[in-house]
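Residue numbers (the numbering used here), protein chains in the order written: chain R, 71 to 227; chain V, 71 to 227.
One thing to keep in mind: the hints can contain errors.
Each pair may be met inside one copy or between any two copies, as identical chains are not told apart.
[Said to hold, decoys possible] The list that follows gives simulated cross-link-like pairs (lysine-lysine, DSS-like), each with its CA atoms no further than 30 Å apart: (1) Lys201 with Lys128; (2) Lys202 with Lys78; (3) Lys78 with Lys201; (4) Lys147 with Lys128; (5) Lys145 with Lys86; (6) Lys147 with Lys176; (7) Lys130 with Lys145.
Hints are computed from structural coordinates only; laboratory data are not their basis. This structure is a prediction, so every number in the text was calculated from the model and none was measured.
There are 2 protein chains.
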Amino acid sequence: MTIREGIKADLPQVLKLIKELAAYEKAADQVDNTVEMMVQDGFGDNPIFGFYVAVNDKDKIVGTSIYYYRYSTWKGKRLYLEDIVVTESERGSGIGKLLFDQTIKKGVEENCSGMVWQVLDWNEQAINFYKKYYSAHLDGEWINCSISIEQMRAIVS
Amino acid sequence: MTIREGIKADLPQVLKLIKELAAYEKAADQVDNTVEMMVQDGFGDNPIFGFYVAVNDKDKIVGTSIYYYRYSTWKGKRLYLEDIVVTESERGSGIGKLLFDQTIKKGVEENCSGMVWQVLDWNEQAINFYKKYYSAHLDGEWINCSISIEQMRAIVS
């Protein structure tokens, strides 16, 4: 198993993993992202995310961690872990921890003030992992809010 | 009242507003940010946030909206509204809506796929505002997780 930085050619397999996670999170229909969009967003003039991949001895990508930088008015620059996925057949073999640790390393190198992410309140397995290995601080007091681009266009028109 | 893009010289007043909001959110002790950090993060080689200010007829900043771009593996590039603050004495006069609308306009111009933000589950006034004027989608199923830079350093060392 190798953990390395992601390259453009990895994106089709990475998007498959993103969809696998979305299905697990009961939101498969929410993924509008495409490989073309990811090429633009990750490898354009001004990349807005980065990622690591876990590659097995058959050169197949079995896990990924996708991050970007967020800005906290309380804490400054932070690393945001957007997704961490290990394909179902490879779970429980320590790959998730390798990816998580690699992402933490990136945050330290980039002078972030901390790392943040979100977890679904019913995902006990993930919550236990974050508590056991990372003594993560969990805060369930915040609600996610969103409006779509269609709503936004209607407001500014 | 004028809404305009923020400049470096606004940052001391903007940080005061950030602290005012943090106090309202019962987290005044959580603000480690400084004007120097904000200058670096907002006006360095690679700015990681932008902001608007509401200025009254005495040239005082009475409100601010602070945003950055986040990356969603489901939706691509999104505008994240990190903070929206109107100083207490000026609340209820429509300044919040002007700032919110201006931020939405920015998201449309920058080809975002939507706008996202968070609200505390007990902040009914804000929740009602988001529902009434923006028909925002609210999702309370996610938990915020974080680790500090001290924890990160201990893990990678």
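Tested hints:
1. Lys201 with Lys128: neither (32 Å within a copy, 50 Å between copies)
2. Lys202 with Lys78: neither (33 Å within a copy, 42 Å between copies)
3. Lys78 with Lys201: The answer is neither: 33 Å in one copy and 40 Å across copies each exceed 30 Å.
4. Lys147 with Lys128: neither (37 Å within a copy, 33 Å between copies)
5. Lys145 with Lys86: between (33 Å within a copy, 15 Å between copies)
6. Lys147 with Lys176: Intra 13 Å, inter 21 Å, cutoff 30 Å: intra and inter.
7. Lys130 with Lys145: between (38 Å within a copy, 25 Å between copies)
Of the numbered hints listed earlier, those contradicted by the structure are 1, 2, 3 and 4.
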